[in-house]
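Student: In the order they appear, the protein sequences are chains A and B.
If you read the first sequence in my numbering, its first letter stands for residue 7, the second for the next number, and so on.
If you read the second sequence in my numbering, its first letter stands for residue 569, the second for the next number, and so on.
There's no promise every hint is true.
[Unchecked claim] Each pair of labels, with its calculated beta carbon distance range:
1. A/Gly719 to B/Gly792: 37 to 43 Å
2. B/Met614 to A/Gly34: 42 to 48 Å
3. A/Asp123 to B/Gly622: 41 to 47 Å
4. A/Ala33 to B/Asp575: 35 to 41 Å
By construction, these hints were calculated from the structure, which means they are not laboratory data.
Ideal placement from N, C-alpha and C gives every residue a C-beta, glycine not left out.
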Amino acid sequence: MPMSHDRGGKTGIGARLRRKEDARFLAGKGNYVSDIQMPGLQDVAFLRSPLAHGRIRGVVKPQGAERSVFAAADLAGVKPIQAISGIPGFKPSDYPPLAAGKVRYVGEAVAMCLAHDRAAAEDLAQAVTLDLEELPPVVDMHAAKRSDAALLHEAWGDNLFLTTVTGDAAKIEAAKASAPVVVKREYRMARQCMSPLEGKGVLAYWDDRHGQLVVVTSTQVPHIIRTGLAECLGIEQRQLRIIAPDVGGGFGYKCVLQPEEVCVAWLAMTRRHPVRWIEDRREHLVAGANARQHHYLVTAYADARGRLLGLDAEVTVDVGAYSVWPFTACLEAAQAGGNLPGPYVLPAYRCKTYSVATNKPPFVPYRGVARPGVCFAMELTIDAVARAVGREPHEIRAENLVPASAMPYNNVTNKHFDSGDYPKSLAMAVERIDLPAIRARQTRGEADGRRIGVGFATYTEQSAHGTKVFAQWGIPLVPGFEQATVRLTPDGGLEVRVGTQSIGQGLETTLAQVASEMLGIDPAIINVVHGDTALTPYSTGAYASRSMVMAGGAVSRASGVLAQRIARIAAHLMQCKPEETRLAGGRVHGPQSDVAMAEIAKVWYLRPEQLPDDVDPGGLEATVGFKPKVDTGAFSYASHAAVVAVDPETGLVEILDYVIVDDCGTAVNPMIVEGQVYGGAAQGIGTALYEEAAYDAAGQPLASTLADYLLPGTMEVPHLRMEHMETPSPYTEHGIKGVGEGGAIAPPGALVNAINDALAPLGVEIADTPASPRRILAAIIAAEQKAAAE
Amino acid sequence: MKPAAFDYVAPATVTAALEALARSEDGRVLAGGQSLTPMLNLRLAMPSLLVDLGGIDELRRVAGDGERQIIGAMVTHAALEDGLHDFADRGMLASVAAGVAYRAVRNRGTIGGSLAHADPAADWPSALLALGAAVTVAGPGGARESGLGDFLLGAFTTALQPGEILSAIALPKLSSSARWGYYKICRKAGEFPDAIGAVVIDPPRGVRRIVMGALDGPPMLLAGLGADASPAEIAAAVAAAAPDLDPVDHRLHAVAVRRALAQATTP
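Only chain B is shown next, with the shape it has when bound in the complex (with noise of 0.2 Å):
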């Protein structure tokens, strides 16, 4: 289990990577490498490039913008999960990212590099859909924002296109009285998850997203159910949302919503 050979550069800005990624063919970015490394050892990833972008601090930052805040694609799960920056998320980004793999994974797996990778059972995606985050991608031709859902295109696949650096993430702020709920199955500590539900409901914005998660495509948003949803309407709108779920899946995804809704609704 050793990589194939590639090159490797550590650009110290955003210019210089989408530059290196520019003169190669099959570069690929590596962020934290908690996904992308265990690829390259199996070889099931053999690009000819890696481009670290480990070294460029300005996709470490996290700032304020206006109504939203945003987050360096650089961020690692670890930092969040530590608080070591303010947020008006009402708890939720530090209790997902201390839910993310094992703290060594977190210690250097990165928000960005999970989003990028669109693993369908990451925690990010889901959460992220959930808090309505946008994304910004860094390219060529300059950096251009989009909805997360509008990313996250499938499993393993996101709009990001050749040459482009996923660089930020904007979230809304919530407001105060805002609730929220995180709820994922998994078989042990620390693996990924067989169903995800995440839900935020942001009254005073008039937000109620409801998320159900690793699935084999991207999260989706479960749109027509109340925050006072039966069990039984749970169980149909997962079944509508998602009708090839087998049997045990479609209960696992509707206890898992069901369970995060119970969070976010119970006080």
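The shape of chain A in the complex, shown without the other chains (with noise of 0.2 Å):
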């Protein structure tokens, strides 16, 4: 039905519109998990394995406490978490809610402790006597991979979950024999906590009235926590309402099924008594470190004026203990075999990954899942390349990037890039970070000794991927259309209800935004609803910076169907034909007249007399699902310019100036955008410069509080001067792009290059995250060691 809309005012797609949600959030009105009260709430402390790997002889309660704690065999009926990938040779491992056997890392849940309070319950988890046998631990995942490895899955006969091979080594063999340049070299990423303001939490209950336990976490993924879930409880999926409510930072981690989600729903189901567990911070920092951790061994093939031939990759991917449920334990791996080419044309490409098993936390996809890490691989390769053939970097990286003319394309890894100028973005970036002054600067030297560099890194985020994408990574759970309600309400106000999930990026927000852009609806009397299965449609949730593509775009779908619905009763109201109606500031204007959207509502809530005899009994709400017609990802992408000066005495790094070109497609609200940007790139610069889960040769994690986990705060993380981009992808509503993650998965790449054209003429290359201060310094009095000795 031919109708215009609100296009380009001041509330729809475009607009800088404040966050709705931030009148609650600034005035500490915001309800997370723990601010909920309930008559009767015990809480519950988990005793955690204090060994990395052992076998377990006894749990032995404290006297008198024995119906208040709760060991693996207690947890009658609970099954195992089992995420099992379907890519062959996959490894499964069963991971018990409460350590069951063994304890396989530092920090799990072998124990859970109920009490009225949170400290008597730890006062009860400090009296449980846990006997373990020591068994070798698995820590240093080369090691892990030796055949004499101890055996963290005796059952597997080796450490590893899966081994993937994927390329052509064929073309591989050919770039080899016929390239005059070549670049090996080896990287390592840290492993990381992804440190969510609010930590975990959960807490549950038993509704008598709905014949339901209710489960409040903090997740990510409400609808696709209950059906895990039910299947750990062994109950229906009807006898369950997962509610999320305020979620205070996700980034991945509560987006995954928590052991003590299952435990802390056991115990309320059998207790029939309200029930929650609190993570805090040192159970983070120790049972949380679970992201970033991968390896690299490249090898860049590439002509006498860096023009790519070829690259040949190993991956190894640190993933720990369990695999989690969904996302399973190589969907990082996975990621990384796919994304490590980057946005570069590359004639050949071989890569050959592991997904190791080792005494830590298991694995869960940080926001950017792997692109941090090959983001930095390829962009660290890039510049060394540029120094074996004496030119810029970043020309070495215009001549490689698919230029635009060829969009869409199809990379060496079949992912489909769906449009962009990523060549335009890098010389943006150039542009702006002033390349020839710094060059002049370094030239003439700083007066207090420091050294400056410049560093550049170019990527694609792959967002929204769905279907095709995740059945093709063997996940136990694939994203299919995603669905929208949209309803009037009969004062003329708009209910918007999604089940993905707000986890602080803005959704009541730009939600409300699309929403508004077709229905002509002020935001502000735009209800979005979300965070509870009993409230909304079915949605796998937010990751894969899908939700407001997929979200955004169902809203969009529904609101559309709704828009139609509208206008019919509205052309009957004024007496002329639906199609010469228009939405716009809360009415619908009509050739003679026009009509509240409240007098619309009225009419079929309250007035149905006055409606036209051909309504729509389907009336003033529609659920409508989205997919985008190839969904095989929005591809945004992003160039990053990093200006940096090293202290040679020190090893520290100050951060001078600091770039991002970024194009998210059609950017539903730019300063959403530039939140979730700059977010992700404070992230990516904790993963640069400071964040490290470091473990010792007994698997002792050395991190556990924040005095040791060094997270970047508002001294480390400078004014970041961002341009968008806009080239909107054909295949989404309005050309929306997920934007979610990209922040967080160049800062790595772009800051250590910099910090190595800092220091190359010291002959120093760093090629570890992070770039600590000792790392630096190391490697420049290594450096000098060297250079005294020849």
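Fit chain to chain and form the complex, with the hints in mind.
Tutor: Shown next as structure tokens:
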């Protein structure tokens, strides 16, 4: 039905609208799991394994507290979490909610202790005696591959969840035979903790009225938690209601079924008594060190000018002890192998991946999922090629990027880049950072003895990849159509219901803007309802930068259907044709007159005698599903440019300037896009320079408090200068692409390239994250010693 | 991360605090709580009694004592940072205080608490050692005084005996021509440093104190170094004083001392 909408207005798509949800957050009125009070609510504390690897000989409960302490054997009817990848060769692991038989990482929950408050529950936990037989720990991912390594899962015969080989060996051999330039490098990215401001938290109680176990949990994915929990608890999904209240950051940490969710839900179900568990920061740093740790061996083949001829790589991911549901232990390696070529034209590619089990917390996909690692490896390799051929790194980048004229482009790993101008984003970054000025400054030198360097990184962010991609990855759960419900209230307001989850990314505002775009209703009177399986359509949730594309698309489609129904009734009331109407400013405008949305709603709900005879009985509520016509992902991309000053006497790095040129297609709310990118970049700076969950040889975590696990703070995150490009996706509603993860991808590559640019005259090249002062200084001292020896 | 149960008293006088401590086997003194509270939450410390000094006015006083100035143990870093008291310190206390952790920590954390906790990477042990401070310890048998160097015995270890309270810090007054330097190397703003250099040079009083801190043990005086020491001499002095430092730590400590010395000697 031809209608025109309030496009480009103050409240629709493209408006820099202030976030609706901030009114409560800024006033301290957010409602997180730990804010919820219930009569009789009891607290759980988990007793966690002090050993990385051990056989459980016994869990001795304190006398008199036998009914308040639960070990694996007590969890009657509870199945282990099983996340089985469909990729051939995958070895499954049983992930018991409480350790059974063995403990496999420091921090693994062994016993659940229940008391009237958390302190008393911790008293109980302290009184439990764990009888553990220490087993040799598997700490190093390379040692874990050796035939004499201790085994985490004895039945496997080795410690490999999965080994994959992709690519074309013959083409790689040809590249090897012909390439005048060969660059070999080894890269490491440290293990990290995602560190959301709000940790995990779960509260559960039995609701007799609905005959349901209600599980209130800090999650990104309430609907699939219902699916997964029902499976583990052995109950029907209709008996479960999952509520996700305000969620204080997710980043992937909360996109999997948590063992604590299973334990607390089971306890509430069997005790018929409200219980909760709130993760504390130490638990997070110890049991939640579950992200980012990759190792790369990369050989790049290039011609004499630095054009890539081939890339041969081996990626090892230290995925920890178990496979997490639903994303498995192998999503990370699959993403690494598929995304390592980045935004570049690569004639030949081969990649071997290892997903290695170690005595560490189980890997969970963290913002960017493998791409910070692959971007780091690829972007450092590009700079290494540039140094090998004696050219500016940005020139090598530009000449290898997929050109705009080639779009849409299927790359060497069959990623379908839908649209964009990657070289232009790089050119803009080079211009904004003012490369000639930096080169001139480097020539002059610094009065304080520091060294200046500049670095670039360009990446793509596959967003909202759907059915086809996840089915290929062998994930037990594959996203399909995303649905949204829109409903006009009897007074002309709008309710939007989505099954995806706002975890701080501003969805309550941006989804309202999409509806506003379609219906001409002020977002101030649009309520976005989410976070409750009882109130919203099924969704696999908020991950993979998918919510704005998928839920936004669904809201758009549902609003479109609603718009047609509204127009029909309005046309009848105004005695015109529906196609002559226009929705704007909360009213429907006809050729001669207009009618308020509230009036139309009133007619439908309260004065139906005024409705046209052929009115759609679906009324002023519509649920519509959406999937992009090509669902292999809308590819956002960006180029980052960083200028750093490195103090060669201390290894300290200061970020002097940072430019981001970002293209996420149609920006629904550019201010929120910027917020997403800034936050992601801050986490990327953490990866690049600060964050490291280190372990000793016994598998003991060395960073169990924030004194040892360094997060970037306000003084460490510089002013980020951001520019937008806007290339709408041809496949999504409104041309929207996802942007949630991208900011975190490039900083390690851009910053370490900048550090290496600064230190190249000293013969120093950093290849590990974090590029800590200690690593940098050790490399400088090693280079000095090498120079002295020569 | 909830503390184990403990009893809590907040006496109004040092005498009452000493009496409370005397009645407890394992009582701990709570000053600003910026180190002890996290340790309680982590259950690294599980005393049966906390004696909170926060209500004892006499411990917040600053007074003169002839050639010396006396700082009550409960004076906060923030009070020093804000210059609420006049010191003949050429501005060193305020400057060092301003660099202690974050303002929220400085608002509650105290100079005496920091010394009694004796974290080697804390600012006050190094800065006050350079200033030539002494501490007053109140105990059941009365008060005693010791030089800071004798008080700081090791990492998190002091000469405080069970039942004693660090009550005050005594500082010599610097002459008007005295110079000082303080340089610490931190991975990020507000974090504990990897190396500290602290220098006080006061020619009229014949004082030249060069300290390196943030070691495995208490800060050390580098007695043999001259004010005009070369980088090589500093590196050698650091290596001689702390021979077990790895090459990175050795360099960091030498740089911190050199930069602190430069602050104190560069016009």
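Student: For every hint, state whether the structure bears it out.
Tutor: Tested hints:
| no. | hint | in the structure |
| --- | --- | --- |
| 1 | A/Gly719 to B/Gly792: 37 to 43 Å | holds (39 Å) |
| 2 | B/Met614 to A/Gly34: 42 to 48 Å | violated (32 Å) |
| 3 | A/Asp123 to B/Gly622: 41 to 47 Å | violated (25 Å) |
| 4 | A/Ala33 to B/Asp575: 35 to 41 Å | holds (37 Å) |
Going through the hint list in order, the structure does not satisfy hints 2, 3.
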